[in-house]
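Chemist: Since the structure of chain Y is provided, determine the placement of chain F on it from the hints.
Each chain, letter by letter, is given below.
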Amino acid sequence: MASTGIRIGGLGGQGVILSGIILGKAASIFDGKNATLIQAFGPEARGSACSAQVTIADAPVAYPYVQKPDVLVVMSSDAYTQFIPTLKPDGLLLYEEELVTPKDLPPGVKAYGIPATRIAEELGRRLVLNIVMVGFFAGVTGVVSLIAAEKALLSSVPKGTESLNLNAFRRGYEHGRSLVGTA
Amino acid sequence: MEYENFPQTEPLRDGRSVIVREMTISDEARMVEFFQGLPLEDRLFLRNDVSQPEVVHHFVRDTEDQVLNLVAEVDGKIIASATLERGLYGWTRHVGEVRLVVARPWQRCGLAKVLLRHLVRAAPTAGIEIIKGQVAGGKVGAQKALEAMGFRKEATLRRHVKDVAGRKRDLLILTNDVSHIWEKMEALNADFSPTQGE
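Going down the list, the protein sequences come from chains Y and F. Under my numbering, the residue at position 93 of the first sequence is numbered 93, and the numbers go up by one with no gaps. Under my numbering, the residue at position 172 of the second sequence is numbered 172, and the numbers go up by one with no gaps.
Derived by calculation from the structure, the hints in this document are not laboratory data. Given the structure is predicted, the values throughout are model-derived calculations rather than measurements. Where a beta carbon is used, it is the ideal one built from N, C-alpha and C, also for glycine. All clues given are correct.
Simulated pairs of lysine-lysine, BS3-like, Cα-Cα distance not exceeding 30 angstroms:
#	chain 1	residue 1	chain 2	residue 2
1	F	K153	Y	K159
2	F	K144	Y	K159
3	F	K132	Y	K159
4	Y	K151	F	K184
5	F	K184	F	K113
6	F	K113	Y	K151
7	F	K113	Y	K159
8	F	K139	F	K77
9	Y	K159	F	K184
To be clear about the criterion: a stretch of chain Y counts as covered by chain F if any three or more of its residues have a C-beta under 8 angstroms from a C-beta of chain F, and this derived list gives those stretches:
#	stretch
10	14-26
11	149-159
Looking at chain Y on its own, in the form it has when it is part of the complex (with noise of 0.2 angstroms):
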């Protein structure tokens, strides 16, 4: 039975919490798998450190932490110096290129980075980055399936605002599906 633990990291106010609750729902209620999530935040609204851990399964998911994640996706430099470390040695890192620079990849490891604030502000809204991410999650993993993510996209983004997000999803996504070459 598959199951793939991920964590997400970066600062509070990139909406980490939200990628998870969207990836959890993909899979959960439009992917019909398992999914958990567990969230983590410091005490103010902006600015510290925060985390996600979503694991998606197809068997019901027994324990819900995820201590040594398959799928890394980092927003900020601290949340990548913090939990670089816990990154299984095959796993898959995803990272904003223009706010973390990889080093001391462990072994194994295999890392793709996306602009994902560049292309938010291109759409004009760098409020739009953390789902630029979980378009390029996506488009990289196919953890979730595209239909699904995309339904629980919409499904979880106000009013007025789910054709920006779309289009920041799917530039996320196809920045991701070019990199592992199958765009």
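Modeler: Showing chain F alone in chain Y's frame:
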């Protein structure tokens, strides 16, 4: 920028339906026909004399300040035009303006609301925070359509409109503050729970 997938078939209140799509340069002749078919009274409420083909020629081409330019079409004939415009520079670049005109036989069947809904949806995506609409005093249907889409009366410019009979009417400015939409997204992205630790 992609706002929605067009064309879309939209059912109207009276059972008829129309196709809503983005205007293209190839619509020039049909736009001329549409604008020339409007009664003078309706044309007076427009900013430019769109009965002149050269004005329409520029309208379909000079789209730099147009965020979204929609037409409603039935059997290949344009029956309504709806535009969301914005200033590209200056203090009010976060403010957009809607312009909408519907052919008489297609008024009072909900078409204005359908078109406005698309424009309002597109505004936040384009970074517009406030949408403005202008209505001549007494145009109750137009005012109601705007109000149904969240617009509220912001100002009344007294005797600013002169109709075909030379009568002066008030000009109503209605606005719709759509910035709160993104405040909700900001709150979702806050990664913070005020109940944490309770």
